[in-house]
Structures are given as C-alpha cells and as structure tokens.
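Chemist: Since the structure of chain A is already known, use the hints to place chain B on it.
Chains as they are written, first to last, in the numbering used here: chain A, 240 to 633; chain B, 240 to 633.
Since the hints were derived computationally from the structure, they do not count as laboratory data. Treat each hint with caution, since some may be false.
Intra- or inter-copy, both count: the list cannot distinguish identical chains.
As the list claims (entries may be wrong) - Simulated crosslink set (DSSO-like; lysine-lysine; CA at most 27 angstroms straight-line): (1) LYS600 with LYS287; (2) LYS539 with LYS299; (3) LYS507 with LYS518; (4) LYS507 with LYS241; (5) LYS287 with LYS469; (6) LYS481 with LYS520; (7) LYS520 with LYS319.
Everything numeric in this text was worked out from a predicted model, so none of it was measured.
2 protein chains.
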Amino acid sequence: MKNAVYFQSGGPTAVINSSFYGVIKAYCNTDKIDILYGARYGLEGLIKGDLVKIEKDISKYDEIQYLNGAILGTARRCLKDISIDDGYQKVLSTLKKYNIGYVFVNGGNDSMDTADKLNNFFLSIGFDCVVIGIPKTIDNDLVMIDHCPGFGSAVKYVVRTTMELFLDINAFNPGRVTVVEIMGRDAGWLAASSVGAKIFGLGPDLIYLPETPFDIERFIDDVRRVYNEKNRVLICVSEALKDKDGKYISMDEKLDSFGHVQLGSVSKYLVSLVEERLKLKTRNIEFSLVQRCASHLQSKIDREEAIGVGEKAVEYAINNKRGMVSIVRDSDKPYKSHFELVSLSSVANAIKHLPLEYINKDGNYVNDAYLTYIRPFIDEEEININSGLLFLKK
Amino acid sequence: MKNAVYFQSGGPTAVINSSFYGVIKAYCNTDKIDILYGARYGLEGLIKGDLVKIEKDISKYDEIQYLNGAILGTARRCLKDISIDDGYQKVLSTLKKYNIGYVFVNGGNDSMDTADKLNNFFLSIGFDCVVIGIPKTIDNDLVMIDHCPGFGSAVKYVVRTTMELFLDINAFNPGRVTVVEIMGRDAGWLAASSVGAKIFGLGPDLIYLPETPFDIERFIDDVRRVYNEKNRVLICVSEALKDKDGKYISMDEKLDSFGHVQLGSVSKYLVSLVEERLKLKTRNIEFSLVQRCASHLQSKIDREEAIGVGEKAVEYAINNKRGMVSIVRDSDKPYKSHFELVSLSSVANAIKHLPLEYINKDGNYVNDAYLTYIRPFIDEEEININSGLLFLKK
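Extracted from the complex, chain A is given alone in its bound form:
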C-alpha cells in the first residue's frame, strides 16, 4: 500500500487549513492510504524531504479547520522548466524514499502549474504517482471553477469592513475622500465584492478594477462629482489598477524573486492625486494581509467547501484520477454546489478575470448582477444594520 503527501503552496487564506483538515478526514476514512505526510513549507518540504507524519485520528485535528495561515508552512517555490530546475529529481527522490503514491497540492495558479508539471513528469518517466490539485486563492482567479476556496471568507471580510468604514466616514461632515485598497492581483473579483456593502445601504461610492483601463482624469472627475453631492467619498480599488497602456498605477514597482511585479500602493498614489488636484482631505486604507487572515470572519460555506475539496481530492486519488478538484454551483438561492474533477493543464497558470459584464460602462462601479454571485457569503452575516442610517440623511 502506498503513502500520500499533502502540501500548502502560495499565500495563506482563512480556509487553506480547512482543506488540510478535509484531506486528513478522508485519510482517516480510507484503508487505501497507509501513511499521510505533510510537507513543511510547501514544495520546499518535498524537495528537502522535510515531512511530518499525520496521525490517523481526526479528533486530534478538529481545530485546524478554523485556523487561518498555513499551519504546515507554505512557500512561493514552484517548479520551473525541467531543463533548468533540479527540483523534479529531488521531489522524486523524496517520494521514493517515503513510498509515496499520492501527492496533494493545495494552492493557486502557480501551484496548479507545478502540480501539472509534476504530473506530466511522473507520467513521462512511468513513475506511479497520482497528483491532485486542491484549489485555494482569495484572488478567485482560477479558471474551470465557480469560485475558489478562500475567496468567500475574504468577501465576507471585505463586505463587512466596507460597511463599517462607511459608517465611520459618514460620521464627519465634510468627510474625507477615502481610498480602500483591496487584494486580487490582476483580477478584480475581491475588490468588486465591496459592492456587497450596498445591500445594507453602506456601499462604496466608486469601485475601480484592473479589468478596465484606469483613467486619471475620469477618476478625478468622478471624485469631484461625488464629493460635491455627498461631502465625502468612499472608494474601493483593486491593488493592480492599470492604465490604457497596461502600466500599473502605483507609487513604485519592483519585481519579486519569481519575476512577479510587487506593486507599490495604488491607494497612496490616488489620495496624493486627490490632495494635489482637488485640495481635499484624504485617507488611504490598505486591507493588507488582514483580508486573507480574518478567520474570525471565516465563511461557513467557504470552510465547508474547503473541507470538501480536500476530502474529494483523496477520493479521486485513491480511484487513480488526476486533476484539480473544482466547485460547480448548482443554484444561487438556496446556495448549492458540487465537486468535479478538471484537468490540471487547463487550470495551470491561466487567470480568470472578472467578466466585463459585471462592470458598469463608466468603469467605476459593479452591477447588481455580481451581488448574486457573492451573495451566499454575505447572507451569512447575522447582524442587520439596515436601519442604522436613520440619522444620516443628508
């Protein structure tokens, strides 16, 4: 009987550990896997042979489903082309040493690319090992899946915090021009989710996303118009706005060690523009790591699906199926979904942008159609603050 290994890859989320919990849970319920290992610090753990043995007793791991972070440790290390990366042989050596026949890769696009590369490598050399991808990213930019585990909890954080900021900013008259910067890299899904606060009458005034070219003059016009009308402006922006030439709008740019652009603060840049051009008081707020950390706002649906893709990964693996576990939405209300397997190569490195049909024609807001998509995560909010605005009439 073969052993299995699971590792976490890329940025932590509020529910990546829930997927780990799901893998352990399925492992405890099968007699097809002898030992389950966790590789520490992502692919690095497989390369270095740094594995920990997981006990076959789910009761010891109950709490990890509620923990943010990546409790095995994670890394950005991915596999490059086989001609230049000695990682393949080192991983193979570890797998042989530990008699591993199943590899579970829990991550986003880059990680699915690594899973795909490993899978192809094993097939090409006839090494008997099944690779399964378990999706994870708050950016929600994986293709072939309705939404990614991690996204729902981040949506819940963004919506709730936008509502609270709305209430804070509306307390002053005049209020400031406040620019909130939200993660998502080149995809606007998470920043667009700030529109959810509108359900409670506490939505942002303007939303800018990387899917439409950012025009500084139009932005200044938008801010001036809203300020003249409301005496304050709440703006939510994606961290990766680009102008019509594809150049990032931000204070500064640098490349990280894997060649990805590290973005400077777009919100800082935008408020400096507003101060200079409109002479208004401003504030910029970056949700920063907190938006992917906020396990106290973990979405129940998100957690359950994260556990589900982990469990399902084990089920596919022991039936000798390869690919990434995907989530398919069956209905919006009541919200229902099921799992399917999709090919790793179809997911690897592709980016799913927010469809333009969700963005208004002026490129400064999100349509109500998008609310249907994110609503399952918002409807978990238990606190109704609808009527809190009775004193805020202009």
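Modeler: Showing chain B alone in chain A's frame:
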C-alpha cells in the same frame, strides 16, 4: 419641565452609539425630561441649532447599540477660550430656544474639556443647565476612569488580528519583518494590548510604546536578534513613538486644524530602516480606521458599559449632579465594575499614559501584569486556537 440634548464628539468607536442607546433608554424610563434632542455633527449641531428629536420609544432604537460610527454625526470642534470663541453664545442661544436644561457630551479628553468649559460658563452666568460627560475613546487615555468605553472593543480587534497575523507570517520560512501600527496617540494602551495574543501563543515578538523613548539602534539590535532566532519578526508599535528628545518617529509630520500633530506612518519608516540596515524583507500594516470601526468584534462588556454610562448620565443629570460618568473596576475575575461621577475639570484635557510598571526594562515588551487589565475583553473570544501551532515547531 426641561428638555435635554445629547451629542457625539471626536473620533467614532465601535460603541459610542451604544452610549447614545443608553441615554435614550434612560430617557424613555424617566418623566423628568420632556424632549430628548440629538445634535447633529457634534458641537456644530448645538452651535447651528441643528437638532433632531428622539422618539420616546426605545424599541425604535434597538439596533444602534450594535453600530459603529457616530450615527448622529460627530466633529472635532471643541470650545476654545471664551474670549475668542463665539460658540458659547451660540450654544446658549440654541439651548434657550429649545428649553434645554441637560446637555450630554459623549467624547474624549478634548470633549470633556468642552463639557467643563460649558459647565463653568453656565454656572458663571447663572444659566440653569446641567452638563454631563459620557466617556469615549479607543485611546483609553482619560484620567479618573479604569478604562474608557470604546477601548475594550478595540482591544478585542487588536488581539484577534495580531493572532491572525502571527499565523499568516509564521507560514513562511524565512518570514518577513512585519511592523503593525496601532492607534492611541500619545498613550500606548491599545498598542500594548497586542500582548494579549500571547495568551494563545500567538503574540508579537516586540512591542514599542510612546511611554518609553524610542532608540533606533536598540530597535535594530532587537530586530536582528529576534530574526536570527526565529527567521521572522512580528512587531507592534504605537502610532506615536518618540525619541529621547520627544521628537516623533515618523515619515512626516503635519498639524491638523486644531494644532494636533498629524502623524506620518511610523511603521513605514521603521520597515524602511530595517530594509536599509538589515537587508531583510519587510511589510508594514496599519490597522487604520478599522480598529475603531470593527463592530463585528464589539466587546460585550464594552457595549454594556457604554450603554451603562449613557443611562447613568441621565440619572445623574435629573438629580442635578454634574461631572463625567466614570467606570470603577471592582474585580478582575469575575470581571465586575460600577459607575461613579467624577468632576469634569479633573478629566478635561489630562492624558493618562500607560504606567511604566507595565513596560519591561528594555522598553520593547509589555509585562504579564497588563494581561490582567485587558483580559476581560479577551476572554470573550470564543475560538480556542491554542493547539494550532503543532506543526510550527522550528
């Protein structure tokens, strides 16, 4: 029979509206006050005569106890010396016009100074009007009170978010040097509260507060030492660190319209220092407005006490007592407190700093004694994440 007016002053908190709710609740239970008004946008509302009438039906206001912000509107406008400020006469004119005999001022130090000035003004001209202060500030820097309404909820946010950031940062190896910037102006109470995360094994490595002079060389030594030991550093700092000459440590300084120093980002400055001097990867995170907004982490004790000081203010007023309603702690565990009246002049403009006995001798951490002080707000946390670190042994 006289009427009453209530107004909100200074920065919003997660529970200032709970105090408003308490005032309304007590108003609904007394026959000594005819009409209760709310002044919109703080003292400005009293100056301009912009009042709204509150209905004598508490059921209409149930939700506001859970809302952050300042739903009547607030302002930083305070009273200056009577020789240069025409606000006194304008307020008097509004009070006479609306037959007001009770004024409730809900705010922090500056607001208590305004309450004191109003009170003295009324006494000096023989105008029959009782002024009562209702405390509020996340900075917790009022004297003559065990802790201020608003602080407990902010503590809960800081502790919980520090725990979550710890888990996120520990997911990478090596991790970054992360500097978290926490509000509090010249008092370190809130930044010190980050130590609460230590109860769960998820505390920061270093804490710097404005009560001890900040020394750059010692800071660099501290960071180097912790990094060498742990491969990552989590640092919590107060927004208003000062060097031994009393100069603020920050990127830039400006004065706001009331002469208060507007601080530049100290965390941004500190990470730039670490990058330059130690060549390490860094990140700075500002909790910004979110720490005073987070009504989804509203503390139950904080909310109940905020309601209590509001109710008590009405009780004192109708018994012709003047002053600020204070909270006295009777016991730590089980936590118990009661309310007392203290003089406005004793509170006005004074600042209660974090006592040095809570700070370690190296000035880079907070002693366990402080945990006893903040523990009532932390013990409300329902999620036990103690054992989540089982994989994170070095």
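Chemist: Please sort LYS600 with LYS287 into within, between, both or neither, judging by C-alpha distance up to 27 angstroms.
Modeler: neither (51 angstroms within a copy, 42 angstroms between copies)
Chemist: Within a copy, between copies, both or neither: where do LYS507 and LYS241 come within 27 angstroms Cα-Cα?
Modeler: neither (53 angstroms within a copy, 50 angstroms between copies)
Chemist: Can you tell me if LYS507 and LYS518 fall within 27 angstroms by alpha carbon in one copy, between copies, both or neither?
Modeler: So LYS507 and LYS518 pass the 27 angstroms test inside a copy (15 angstroms) and across (24 angstroms) alike.
Chemist: Given identical chains, is LYS520 near LYS319, meaning Cα to Cα at most 27 angstroms, within a copy, between copies, both, or neither?
Modeler: between (47 angstroms within a copy, 23 angstroms between copies)
Chemist: Are the CA atoms of LYS287 and LYS469 at most 27 angstroms apart within a copy, between copies, both, or neither?
Modeler: Classified as between: cross-chain Cα gap 20 angstroms, same-chain 58 angstroms, threshold 27 angstroms.
Chemist: What label fits LYS539 with LYS299 when the C-alpha limit is 27 angstroms: within, between, both, or neither?
Modeler: within (21 angstroms within a copy, 31 angstroms between copies)
Chemist: For the identical chains here, do LYS481 and LYS520 meet the 27 angstroms Cα criterion within one copy, between copies, both, or neither?
Modeler: Both: 25 angstroms inside a copy, 26 angstroms across copies.
In terms of the numbered hints stated before, the structure departs from hints 1 and 4, listed from lowest to highest.
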